[in-house]
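Student: We have chain Y; now place chain Z onto it with these hints.
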Amino acid sequence: MTTPVADESAIEVRDLVKRYAKATFNAVDGVSFSVRRGEIFGLLGPNGAGKTTTIGVLTTRVRPTSGTARLMGIDVTRDPIGVKQHIAVVPQMSNLDQSLKVRDILTFHSAYHSVPRKEREARADALLAELGLAERAKDRVSRYSGGMNQRLMIARALMHSPDVLFLDEPTNNLDPQSRLFLWDRIRELNARGLTILLTTHDMEEADRLCERIAIMDHGKVLVNDTSAELKHLIPGGTTLEVRVFVPELAAVGAPTAADASAGGEQTTTRLLAALRALPGVTKVDELSAETPAAAPPAAGGWGGAPGGGRGSPGGGGPGGPWGGAGGNGGNGGQAREPGVTTFRIYAEDASALVAAANQAVQASGAELRDLHVKRPSLEDVFIYLTGRNLR
Amino acid sequence: MATTSQAPTDTTFAAGGVPQGARPTSHARLALNAFFAILQRDIVVTGRDLIAFLAQVLLQPLFFLFIFGKVLPGIGLTSAGFGALLLPGIVGLTTVMAAMQGVALPMVLDLGFAREIDDRLLAPMPDVLVAVEKVIFATLRGLIAGGVMFPLAVWILGDQYNVRSDRILVLLVMLVLASLVGACIGLFLGTSVRPEQIGLMFSLILTPLLFTGCTYYPWAGLDSLKWFQILTLFNPLTYADEGIRYAMVPPIHGHDITTLGLQWVFLGLGVSIVVFFALGTRTFLRRVVS
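Quick note, the sequences are listed as chains Y and Z, same order. For the first sequence, position 4 matches number 3 in numbering that gives the first Met the number 0, and the numbering has no gaps at all. For the second sequence, position 80 matches number 79 in numbering that gives the first Met the number 0, and the numbering has no gaps at all.
What the hints contain is simulated information worked out from the structure, not anything from laboratory work. Treat the hints with care, since some could be wrong.
As the list claims (entries may be wrong) - Below are the SDA-like pairs computed for lysine to any residue, each with C-alpha atoms no more than 20 Å apart in a straight line:
| no. | chain 1 | residue 1 | chain 2 | residue 2 |
| --- | --- | --- | --- | --- |
| 1 | Y | Lys100 | Z | Val44 |
| 2 | Y | Lys137 | Z | Arg47 |
| 3 | Y | Lys100 | Z | Thr45 |
| 4 | Y | Lys100 | Z | Thr24 |
| 5 | Y | Lys100 | Y | Ala128 |
| 6 | Y | Lys100 | Y | Thr64 |
Chain Y on its own, in the form it takes in the complex (with noise of 0.2 Å):
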């Protein structure tokens, strides 16, 4: 749009403040935060967290109680009009016109954004082969998926060519497949200068798409930052973790092992205590070969399935709160092979720590079987905001 705005965001909440009538509690309570332009942002928490309500101040369909919110310059609730121009909503639900074809869908919403018609009919085209539905554009919504309900919305939110789009759960439900397409899609339109402003509670989509995220809960901002600043928040930061085989260990059981045995205690003490100082490591966890149970069996590693076992802010102990002494289970298989003893190592930067490690575990006398930077996800810094889990 044309309009000369003088402020260089794109949208700029300050101590916004939503109670709906007879409610008890805010539904937004003092959120401030703000987009640049040019920016995906991304709003990230469970249901009922106030993003939607957010979303709403900032596209005129919801009255703030307090606080001020602008978009481009211009305040929601001075002028909603001007505001309308600037924006496009796709949201959680189809709200498709469901009389009217495919593409007349975009260019009635074009004509109603004042674009001229000979743009009208150019934009309809173009857009529906950018989002793979040229073929089907003379159907009626009702014999659409989904998916490609959604990159309709997607197009008819463009069509009058906004500075900010909203997307509110863009690809909640969607298939893996249409799920790529759409992310692909956001990615093409935010290179090209569009300011995003999407709300999810799919940690990953956050982490794909989002340069800056906002984590809230119960109606406020807990935390916004780049995906990396918030992994950053989780004391201990990355963990490092070491696989070693030690030859004596692997002899335990044998009827004249015993000293052989004792040796390999040896050796993975004074390997522990190696680790232990090397600089910045806040903790080290040893998964023994004898205790597998360290790693609780329903977990499954950093990727693995939500809840499975992840501890409580501060449960577990100094070194990682997110990981607790047993989060990642994914070892538990390969600690029964006799011998091999895996080491956890947590500390404000892991990966700086790979070749001390390695050193380490050569001058102890055992073998490195492997050695793995791993890092926390979103959700582990949801949880260790929230103490719960997003879904």
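Tutor: Leaving out everything else, chain Z in the frame of chain Y:
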């Protein structure tokens, strides 16, 4: 991901290089464009289903007209002149009901779960204009339905069709007001009723409206049934039907038939339009902005 703080230009980041033409900048101009585009959308959609629309609003009144205006007088159960008194009532009823349904049903569904209206609410116009558009559109609908009744009445009533032609202007004004009152009532009902209450709306609201509105009997004829005559004054349809009756029924033996006074007709219709429009827009705004 994009580079940050790159201000979007006024050209095209979407739709593969389609150049962006000039658009109005004044809010009034934008709102007017949006208003007419939405009106056009409703007209296009109704135009595509014109037969279904006419069947929906005309079938019932035509049967009424046939039975009460043709069959009953034909077998001697009512007097021959009844058709002339009934037709204005049926025209009024058809007009009011077509307009009312034109807003009420779509509005109930839209606000209930379809939410198609959201796209229009995001158009650069004041929210209330979305409701005004629906009222205007429904008024047009009512006028078309009422207008189509005339040739059909000629066809059904045959020699019983008897309409005066010297008050056409009054008739037109009455039809417009009747349609408008129907649309405003429709706006109020459509924004107040939940989808699961549609059945209830028909039986509890529409049925009494249908039968207490002086459609099948002239108001003056109720003199001997005073309490009911008074009751009918609470029904906006009464004023519409009596106004249309005044404009349509030819003099009998040189005397105009007695109808509700025109000043009362205008007052009744005017008050109904204002009250229902005010209530309707209020509930509408409550439903679309929280």
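Student: Now, for every hint given, state plainly whether the structure supports it.
Tutor: For each hint, the structure was consulted:
Only pairs whose Cα atoms come within 20 Å are accepted, and Y/Lys100 paired with Z/Val44 is accepted, the gap being roughly 10 Å. Annotation: proposed proximity of Y/Lys137 to Z/Arg47 holds, straight-line Cα distance about 15 Å (limit 20 Å). For the proposed pair Y/Lys100 and Z/Thr45, the alpha carbon gap of about 14 Å is at most 20 Å, so the pair holds. A C-alpha spacing of about 29 Å is found between Y/Lys100 and Z/Thr24, which places the hinted pair above 20 Å, so the restraint is violated.
Of the supplied pair hints, the one linking Y/Lys100 and Y/Ala128 holds, its CA atoms being roughly 16 Å apart against a limit of 20 Å. For a cut-off of 20 Å, the pair hint linking Y/Lys100 to Y/Thr64 is broken: about 39 Å separates their Cα positions.
Hints 4 and 6 from the earlier list are contradicted by this structure; the remaining hints agree with it.
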